[in-house]
Structure formats: structure tokens, C-alpha cells
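Protein chains: 2
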Amino acid sequence: MVDILHRIAVERIEPESVYDALTTIDGLAGWWTEDTTGDAGLGGTIVFRFPPGGFDLKVIEAVPNERVTWLVTGGPAEWIDTTIEWRLRVDGDWTVLLFAHRGWAEPVEFMHHCSTKWASYLMSLKRLVETGKGTPSPHDVRVAEFD
Amino acid sequence: MVDILHRIAVERIEPESVYDALTTIDGLAGWWTEDTTGDAGLGGTIVFRFPPGGFDLKVIEAVPNERVTWLVTGGPAEWIDTTIEWRLRVDGDWTVLLFAHRGWAEPVEFMHHCSTKWASYLMSLKRLVETGKGTPSPHDVRVAEFD
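Those protein sequences? They're chains A and B, same order as listed.
Note that this note's numbering has the first sequence beginning at 1, numbered continuously upward.
Note that this note's numbering has the second sequence beginning at 1001, numbered continuously upward.
It is worth saying that the hints were derived from the structure and are not from the lab.
Don't be surprised by glycine CBs; every beta carbon is placed ideally from N, CA and C.
Among the clues, some could well be false.
To give a feel for the contact side, a few chain A residues facing chain B, derived at Cβ under 7 Å [unchecked claim]: (1) Ile8; (2) Trp94; (3) His112; (4) Ser115; (5) Thr116; (6) Ala144.
Every beta carbon over 10 Å from chain B, so not counted as near; a handful from chain A, in silico [to be verified]: (7) Asp39; (8) Pro51; (9) Trp79; (10) Ala119; (11) Val143.
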């Protein structure tokens, strides 16, 4: 099993703002994909769609301002049953966000792509909470030919 | 051992352009850090410096338009003896670049940070070869508090 790992930090932004961006349909639509629907509450399934396809993610953990975990229940074969974890903590004036997409069976080329693409969406999330405006799909940066 | 993996692709750009950006001091200074010096040839050591510090990387493999590998000989303790691999291939109108920073002892928080930061520099490399202008340090995007 291999994992995609990332980390960002935002200055003078409370963890509540980041947690909201991860746990509300409006928040998620503001940085990942505008086509976000479903139930973002604990136990619910969030439906993310992009021009090439999408993902169905079940919210299996949600501790306000601390942690969110999703289980992938729909999407590309490589994603099924993987988990996506978000961990928040405060460090002085900064809110730190640790990201892990865990449980990839193999480090396939698609995993390399998803690692880069996740980073670009995390930067979009950072811009959203810092400036009020992210770059969710379909306004995201293309990193590859099949994007 | 854990690895940071990324992938980008550039359209209607020959692999020669990407290879040049990885194997010349001017090319490297155009996307990673403007403060790049040293010897970028096979067996040479390239010296990359950033405001918070930097890395000394030895070029241990260089196959024109196909592959480049660096061994980390200087820098943060977590980086020493890790390798950074670049693999190029052509796929139709696209040049695909696979990146791997291999040999991290543990998935420490600094590794999460470096994964995100590498993605931002890969996007800078992509812009450099596509438009002639990247965003190397000190013009890079901050992703964390210690950037």
C-alpha cells in the first residue's frame, strides 16, 4: 500500500474556515469541483463530478476543526476503498492541514498524476480560505493530457 | 522507505525542452530556484539555494531526453541519500514527465510539505517549457509557514 501525502498552512485563518471548506457542499464546490452534490454530514455520501468522471465519497469521520475522513465508494478502480484523510491543527498564527490519500494498491502512473492534481487542489483550497475564491473544476489548472 | 510521486504532461513540447530544463543551470534556474549554480553535467554537483536553505545534488544518471537522476549529498537530514528521478517519454502530441523523490526513511510531516512543494515546482517547470517563464524561488508560491 502506498499513500499520497501533502501539507499546507494558512496564516491568520481559523481552523473553522478550513473545516467548513471540507464539510459543506458550498465549501467543497469552492475549491475542488463546482459539480459537488450529496450529503456532506457524517455518514453521508458526497458526489464529486468533473468533466472526465468523478468520485463518490462517504464521510466516515468528522471531528469539528480537527479531522475529516472519507472512504471512496465510487470512482476509478484504483480509488475504490482508499481513504482520504484531513487533519487540522493550530500552530501559533497558522492553521496546518495534513492530507493523506491512503491505501493505493500500487504506485501506478495514475497515482503519480493524482498526487500532483491533489496538490493543485490544495492550493485552490488555500486560496479559497485566504481570499474567498478558489479555482475548482472546471476552472482548475490542467496538469496532464487526460485532465 | 516512502516516495513522493508526481506526473505532468506538456502538449506539443519536445522532450528536448524538458530535458534542457532539467540538465542546464539556466533551465533549472528558470523553474526551481534562481540561485542555482554548480555543474549540471553527469557526475557534477548542482547547488540549489533558497531563502531558508538548500540542497546539493549529484547528477548520477543523465540519458538525453529520457532520464535524469540526482543523489542528494547536501541539505536537510531527511533528504540526505535520497534520490530524485525524472523520466520522460513521448505519448502522441504529449511529453510525459514522471517524477519520484525516493528513499524517505519515514513519512514525516516535512515529507508531506515537500510533496506539495514539489508539485508547485513541477507546475512552474510546465509553465517554463510552455510559455518561456516559470516561477522559481524567490517568486514561488508559499505553501507553508516555513517556506
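Per-residue hint verdict: A:Ala144, partner chain B, C-beta under 7 Å: holds, 4 Å
Interface hint for A:Trp94, Cβ within 7 Å of any Cβ on chain B: holds, 5 Å
Hint status (Cβ of A:Ile8 to nearest Cβ of chain B, threshold 7 Å): Check passed: Cβ of A:Ile8 comes within 5 Å of chain B, closer than 7 Å.
Non-interface claim for A:Ala119, where every Cβ of chain B lies beyond 10 Å: At roughly 3 Å from the nearest Cβ of chain B, A:Ala119 sits no farther out than 10 Å, so the non-interface label is violated.
A:Pro51 non-interfacial with respect to chain B [C-beta, more than 10 Å]: holds, 16 Å
A:Ser115 as an interface hint toward chain B, with CB separation required under 7 Å: holds, 5 Å
Status of the A:His112 interface restraint (C-beta, 7 Å, chain B): Holds: closest Cβ of chain B sits about 4 Å from A:His112, inside 7 Å.
Beyond 10 Å from each Cβ of chain B, as asserted for A:Asp39: holds, 29 Å
Given hint A:Thr116 near chain B, where the shortest CB pair must fall under 7 Å: holds, 4 Å
Least C-beta distance between A:Val143 and chain B, which was stated to exceed 10 Å: Since the minimum Cβ distance to chain B is about 5 Å, A:Val143 lies within 10 Å and the statement is violated.
Consistency of the no-contact label for A:Trp79, given chain B and a CB cut of 10 Å: Nearest chain B Cβ is 15 Å from A:Trp79, so the label holds.
Against the hints set out earlier in the document, violations occur for numbers 10, 11.
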